[in-house]
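Trainee: Each chain, letter by letter, is given below.
There are 2 protein chains.
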Amino acid sequence: MTGSELLTGAVRDANGPWVARELFELGFEVVRVEIVGDRPEDLTAALRHAADFALVVTSGGLGPTADDLTAEIVAGFVGVPMELDEPMRDLIHRRVARWAQRTGFGGPALDEATRKQAMVPRGATALKPVGTAPGLVVRQPGGPLVVVLPGPPRELQGMWPAVLEAEPVRALLADVPRAEPRSLRFFGLPESEIAQTLREIGRARDLSAVEVTTCLRRSELEVDLRPLPGAEELADEVAEEIVERHRANLLSAEGATTDELLATILPAKGLTVATGESCTGGMLASRLVDRAGSSAYVAGGVVAYSNEAKTALLGVPAEMIAEHGAVSPEVARALADGARERFGAAIGVGVTGVAGPGGGTEAKPVGYVCFCVTTADGRVLTRDPVLPGSRGDIRERSTDTAMHLILRAAGGLPR
Amino acid sequence: MTGSELLTGAVRDANGPWVARELFELGFEVVRVEIVGDRPEDLTAALRHAADFALVVTSGGLGPTADDLTAEIVAGFVGVPMELDEPMRDLIHRRVARWAQRTGFGGPALDEATRKQAMVPRGATALKPVGTAPGLVVRQPGGPLVVVLPGPPRELQGMWPAVLEAEPVRALLADVPRAEPRSLRFFGLPESEIAQTLREIGRARDLSAVEVTTCLRRSELEVDLRPLPGAEELADEVAEEIVERHRANLLSAEGATTDELLATILPAKGLTVATGESCTGGMLASRLVDRAGSSAYVAGGVVAYSNEAKTALLGVPAEMIAEHGAVSPEVARALADGARERFGAAIGVGVTGVAGPGGGTEAKPVGYVCFCVTTADGRVLTRDPVLPGSRGDIRERSTDTAMHLILRAAGGLPR
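Just so you know, the sequences run in chain order A and B.
Residues 1 to 415 in the UniProt record's numbering are what the first sequence lists, from first letter to last.
Residues 1 to 415 in the UniProt record's numbering are what the second sequence lists, from first letter to last.
Some hints here could point you the wrong way.
Claimed, not checked - Computed, partial: chain B to chain A, Cβ under 8 Å:
1) Asp-13
2) Asp-42
3) Glu-193
4) Ile-194
5) Gln-196
6) Pro-267
7) Ala-292
8) Val-298
9) Gly-300
10) Gly-315
11) Phe-343
Hint data in this document are derived by calculation from the structure and do not stem from the laboratory.
A quick note: this is a predicted structure, and the numbers were derived from the prediction, not measured.
Using N, Cα and C, we set each Cβ at its ideal position, and we do this for glycine too.
Just chain A, with the same shape it has in the complex (with noise of 0.2 Å):
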């Protein structure tokens, strides 16, 4: 990855991960993920740190201005000359035309600009660009495969199919033996009992051919084992048992999220869900949409950030905002029902607390938020943790037991 503002953190890295989990599939063990600036001695220091792999994948660095220098640090760090693709230079050239016509932003900056994203390494492959960077994979003797992607994630992740479909790395990924990688799922469950679970598996039997990584995250803990090849028996067979012993923590023994999980059971089951929500502020509902196709299950919801709006939009009574406050569990259920009623969806989803950083008293402090879920069948599940962070951690943490609360409603948790 490069890019100066990686570095300055004004950015943060979107491709690193995608790829990594892209090769992570295929089977490759992927060992470093390096973020540099756009300086030469930096790009070449960190292609000579990788001299040693099979295949380095770089992003970013492939555009327009003179501080985008990726292609030409690796031409030089294989040891070719760049040279001008010209059939490139008009495939960018009738790219751009439109775009310069309407916004009236072509002329001499602009074709400068598109000469120099032709520019190629001789004997690479270019690979047709998304947006107006091509893509290269650079071949060396006795070195690694290079594969040059631009930066924008957009244009990154679209010209990867052309990627494995390029001779040089076809031809790698034959040699690349398949992993086949387990991972469970549980919430609310700490790191430190899957760690005492290990320790106490390990006693009877050597687990060194499987390897676990736990890992944290939207409040789910994700345990991955990946086995040696040849330990596959053996990585389900502690998958099983790990499953066996968390059974009441666990969300899914295939390593799918929540949310993958209701974008699967609520269409399933012709349940539709709406939101009511306050500190959340629209979080929840933009996570429910995050999917395509749901439409089919998201009936809608209502920010009711103001007493007023919550009394007017989603007829919570003023009178229970006044006797209970508007962060209390029945002004929850109120907005979970309000919100049921007014969209005429199965599943209401209320969420109201205290996401700070001010605000916050000694009965109910900041991160302190209540939850309802209410079905149109009389199910209500109520929730009123004190949650830790940041007012952004705070949100999220609500948008992520919101979500875990809607999967419960619908039923669909493993027993």
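Starting from the known structure of chain A, fit chain B onto it as the hints suggest.
Mentor: For chain B alone, kept in the frame of chain A given last:
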């Protein structure tokens, strides 16, 4: 950064960008962000690769599980043994005792985890944990200062003030020259235009003492000018010239984002906002609520995903939807007016579009999004672009565009 989960793509690294930005603002030159797995040889290689640096900050690998190895590896790198820090163990024990009692996850698993987390390289400064893992500041003669921090962003960020106060870090900071970077921010300006402007300015004068980087994020182009010591005035002059040439697209000459500008101007003018969202599904409301204090200017919003909800909750006439379609400038306007009126807000925003991947037609392809912002004093702003990218991209760009239109309607753009 360590953590095998970062290499399988399960998690996106949040700490690298955060730490990089902090260090950059302290005047450090950040050369590299490196993500490696929890394997001893990879961790050690990463430390060796950084042996020439003045400062190395690690995050992650301090957890209670056997795959968390960072403290041990750093001790080995520096050449000192690990020792049990008994007061630290007692502190961690007290911290987890109440949680253990409540959840029932106490006992030997937890005691073992507590002991492991209290092991410290001899001679290191241990920093009080925010969660259960202490941070470490580890000195070594002739090598880099190593700061070892926990992986959860909340814990890492919470510990940062203590890092800066640790004596070895203070001593290092005293030697770092402060840079004074200039940031400009534009909306709707391609990078190629900045490249051309820099080439033109560069013909008349030598710009080598000013490092210029551009970065496109949330539909905004940030241009950072970082002068070498002594070149501050040159950086200011170049910044002024860039502003002069691209004033029509200028968002802020101080680098402020649309979100920051909105959070200032809306409360200053006493303006409130209400949203009527379809394809963004709550993402716009959530973005407005991101900031502390947003209750002063966010009235609320409706996620009207279905046609029935548009009519029932925001008063969009069913005949209008039948005649023009749910994705139309007319419906965007009705969503904006409906939201503004229902919530009694000064500014109403309507967003309706085809987020995809399905649902596109020739006349209204995937990415076609209609925006409307209306104000209580009768102003109307509209847009209906075709936005590129995936479902997620389209929803994010729609949110960016809507935020920008709100800023324009609030009179918050420079002239």
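Trainee: Indicate, hint by hint, whether the structure satisfies it.
Mentor: Hints, one by one, checked against the model:
no. : hint    : in the structure
1   : Asp-13  : 7 Å, holds
2   : Asp-42  : 6 Å, holds
3   : Glu-193 : 6 Å, holds
4   : Ile-194 : 7 Å, holds
5   : Gln-196 : 3 Å, holds
6   : Pro-267 : 14 Å, violated
7   : Ala-292 : 5 Å, holds
8   : Val-298 : 5 Å, holds
9   : Gly-300 : 4 Å, holds
10  : Gly-315 : 12 Å, violated
11  : Phe-343 : 6 Å, holds
Hint compliance for this structure: hints 6, 10 are broken, all remaining hints hold.
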